[in-house]
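Chemist: Here is how the chains run, residue by residue.
There are 2 protein chains.
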Amino acid sequence: MNVLIVYAHPERESLNGTLKDLAVDTLTDEGHQVQVSDLYSMKWKAVLDEEDFPERMNKELFNPILEQLNAVKKGAIPQDIKEEMDKVLWADLIIFQFPIWWSNFPAILKGWVDRVFYNGFAFNLAEMQLYGNGPLKGKKAMLSFTTGAPRELYTDEGPHGEIEVLIKYFNHLLFEFVGMEALPYFAIFGPGDMTEEEREVELDRFQEIIKNV
Amino acid sequence: MNVLIVYAHPERESLNGTLKDLAVDTLTDEGHQVQVSDLYSMKWKAVLDEEDFPERMNKELFNPILEQLNAVKKGAIPQDIKEEMDKVLWADLIIFQFPIWWSNFPAILKGWVDRVFYNGFAFNLAEMQLYGNGPLKGKKAMLSFTTGAPRELYTDEGPHGEIEVLIKYFNHLLFEFVGMEALPYFAIFGPGDMTEEEREVELDRFQEIIKNV
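First to last, the sequence lines map onto chains A and B.
Take 1 as the starting number for the first sequence in full-length UniProt numbering and just add one per residue.
Take 1 as the starting number for the second sequence in full-length UniProt numbering and just add one per residue.
It should be emphasised that the hints constitute simulated quantities derived from the structure, not laboratory data.
We put the CB at the ideal spot given by N, CA and C, even for glycine.
Hints may be right or wrong, so weigh each one.
[Said to hold, decoys possible] Subject to a maximum C-alpha distance of 20 Å in a straight line, what follows is the list of computed SDA-like cross-link-like pairs (lysine to any residue):
| id | chain 1 | residue 1 | chain 2 | residue 2 |
| --- | --- | --- | --- | --- |
| 1 | B | LYS59 | A | GLU50 |
| 2 | B | LYS168 | A | LEU173 |
| 3 | A | LYS168 | B | GLY161 |
| 4 | A | LYS45 | B | TYR40 |
| 5 | B | LYS43 | A | LYS137 |
| 6 | A | LYS43 | B | GLY161 |
| 7 | B | LYS43 | A | GLU50 |
| 8 | B | LYS168 | A | THR147 |
| 9 | A | LYS43 | B | LYS168 |
| 10 | A | LYS45 | B | LYS59 |
[Unchecked claim] Restraint-style ranges between C-beta atoms, simulated for each label pair:
| id | chain 1 | residue 1 | chain 2 | residue 2 | range |
| --- | --- | --- | --- | --- | --- |
| 11 | A | VAL72 | B | PRO150 | 48 to 58 Å |
| 12 | B | LEU61 | A | LEU22 | 15 to 25 Å |
| 13 | B | GLY190 | A | LYS74 | 45 to 55 Å |
| 14 | B | PRO184 | A | GLU162 | 18 to 28 Å |
| 15 | A | ASN63 | B | ASN63 | 34 to 44 Å |
| 16 | A | GLY132 | B | LEU61 | 14 to 24 Å |
| 17 | A | THR28 | B | GLY190 | 38 to 48 Å |
| 18 | B | MET128 | A | ARG151 | 11 to 21 Å |
| 19 | A | LYS74 | B | PRO150 | 42 to 52 Å |
| 20 | B | THR18 | A | MET1 | 24 to 34 Å |
| 21 | A | GLY132 | B | ASN212 | 40 to 50 Å |
| 22 | A | GLU60 | B | GLU157 | 48 to 58 Å |
| 23 | A | ASN63 | B | VAL72 | 37 to 47 Å |
| 24 | B | MET57 | A | LYS59 | 42 to 52 Å |
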């Protein structure tokens, strides 16, 4: 299987970095092919803007959704985006590895989605290619993240609300929207308060999931 | 009242740009003071990274949350972030004006939150200053956004799910987390399919809300 890991953490030695390395090693040992988009190391451009569209259809008014479709048709896609699209097409499974910041992706990862998941590539509004007809149908996707707060704060009774509801938005409005199948998420809650032993248990749990992915 | 509008759209002539201008004019006419952070025009740096921390507490391992607290204590905050913090402190009300992309902020706006809402400024984990005790208590915040899809797609029965559930995450885990009061959101759903007349109705509706904010 071909696996793309889109990884977003500014510190290589972070727990997210460890999880990314563990996934690469485990998947490789199992005979899978792996590519990593290490967004911080790549200095990934996070912001979708006019510079992304060298051959504008409408030079007066910038409408990203319409310009994306036009750029796909013309093949006028910036190299950094094209490379990520090629990785997405190559992959059978995409794993997003990141820390939850403000109940969502870090901006650099949000910007990977904003800039790579083009209208005309990951979905097509004009031709109603989305959800069951999404262009990325047949691929799988999985969230793997860390949170600052422990699990008990992410419940219906807890201050942050049930995490499953939040996850549903990622899985449905991102992965399923483009036609991918969302695998169950993996999360390590509140690693900052864990002992070394507790972290090891979590890493083992992750490795088991990755082995059987 | 002092109002900060944090505005994120790459096209000045977009509906989001029009809403921003209308808010500025209406608030000014009503006698309020207004500042705008036009993130695209400012070429706002979206990505929180090590460069944001010139005086690192721990030069070996980069932990953003801990470094933020240290930077606040040392007063070692980059100028672009400092200016936004000053606007936040000045403001009685913050309006976020943006298009929903992938059920969240555009990356440039996500990066404004990631980089400005410091531990030690907008919340303080060590001293449990969050929610009811959040440092930005007494301030109000309001989401004003546009969506690609019409309202009927954002319902419990619709493909995108009920928008109120999504909004709750912004209002609770962002605004209320730092102590702010969340005002009801304003949204224009599916403006791309509207007639000029229907858009005018929406703009009037927005102006009425802003007048009475």
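Chemist: Each hint needs a verdict: does it hold in this structure or not?
Modeler: Evaluation of the provided hints:
1. Between B/LYS59 and A/GLU50 the alpha-carbon distance is near 37 Å, which puts this suggested pair outside the 20 Å criterion.
2. A threshold of 20 Å between alpha carbons decides the hint, and for B/LYS168 with A/LEU173 the separation of about 16 Å falls inside it, so the pair holds.
3. A hinted pair counts as satisfied when its Cα atoms are at most 20 Å apart, and A/LYS168 with B/GLY161 qualifies at roughly 10 Å.
4. About 14 Å separates the Cα atoms of A/LYS45 and B/TYR40, which keeps this hinted pair within 20 Å; it holds.
5. A C-alpha spacing of about 36 Å is found between B/LYS43 and A/LYS137, which places the hinted pair above 20 Å, so the restraint is violated.
6. Restraint check for A/LYS43 and B/GLY161: the C-alpha separation of about 34 Å exceeds 20 Å, so the hint is violated.
7. For the hint pairing B/LYS43 with A/GLU50, the CA-to-CA distance comes to about 12 Å; that is within 20 Å, so the pair holds.
8. Of the supplied pair hints, the one linking B/LYS168 and A/THR147 holds, its CA atoms being roughly 19 Å apart against a limit of 20 Å.
9. Between A/LYS43 and B/LYS168 the alpha-carbon distance is near 32 Å, which puts this suggested pair outside the 20 Å criterion.
10. As the CA atoms of A/LYS45 and B/LYS59 are separated by approximately 25 Å, the hinted pair breaks the 20 Å bound.
11. Between A/VAL72 and B/PRO150 the beta carbon distance is about 24 Å. The supplied range of 48 to 58 Å is therefore violated.
12. The hint said 15 to 25 Å for the Cβ distance between B/LEU61 and A/LEU22, and at roughly 18 Å that hint holds.
13. At roughly 27 Å, the beta carbons of B/GLY190 and A/LYS74 sit outside the given window of 45 to 55 Å.
14. A beta carbon spacing of about 23 Å between B/PRO184 and A/GLU162 agrees with the range 18 to 28 Å that was offered as a hint.
15. The hinted window of 34 to 44 Å between A/ASN63 and B/ASN63 holds, with their beta carbons roughly 40 Å apart.
16. Evaluation of the 14 to 24 Å hint for A/GLY132 and B/LEU61 yields a failure: the beta carbon distance comes to about 45 Å.
17. Against the hinted window of 38 to 48 Å, the Cβ-Cβ separation of A/THR28 and B/GLY190 comes to about 45 Å, which satisfies the hint.
18. Distance hint check for B/MET128 and A/ARG151: the Cβ-Cβ separation is about 18 Å, which falls inside the suggested range of 11 to 21 Å.
19. Distance hint for A/LYS74 and B/PRO150: a CB-CB separation of about 29 Å, inconsistent with the stated range 42 to 52 Å.
20. Separation of B/THR18 from A/MET1 is about 48 Å and departs from the stated range, judged on CB atoms against 24 to 34 Å.
21. A hinted range of 40 to 50 Å for the beta carbons of A/GLY132 and B/ASN212 is consistent with their spacing of about 43 Å.
22. The supplied range of 48 to 58 Å is broken by A/GLU60 and B/GLU157, whose beta-carbon atoms lie about 39 Å from each other.
23. For the pair A/ASN63 and B/VAL72, the beta carbons lie near 40 Å from each other, so the given range of 37 to 47 Å is met.
24. For the pair B/MET57 and A/LYS59, the beta carbons lie near 48 Å from each other, so the given range of 42 to 52 Å is met.
The earlier numbered hints that this structure contradicts are 1, 5, 6, 9, 10, 11, 13, 16, 19, 20, 22.
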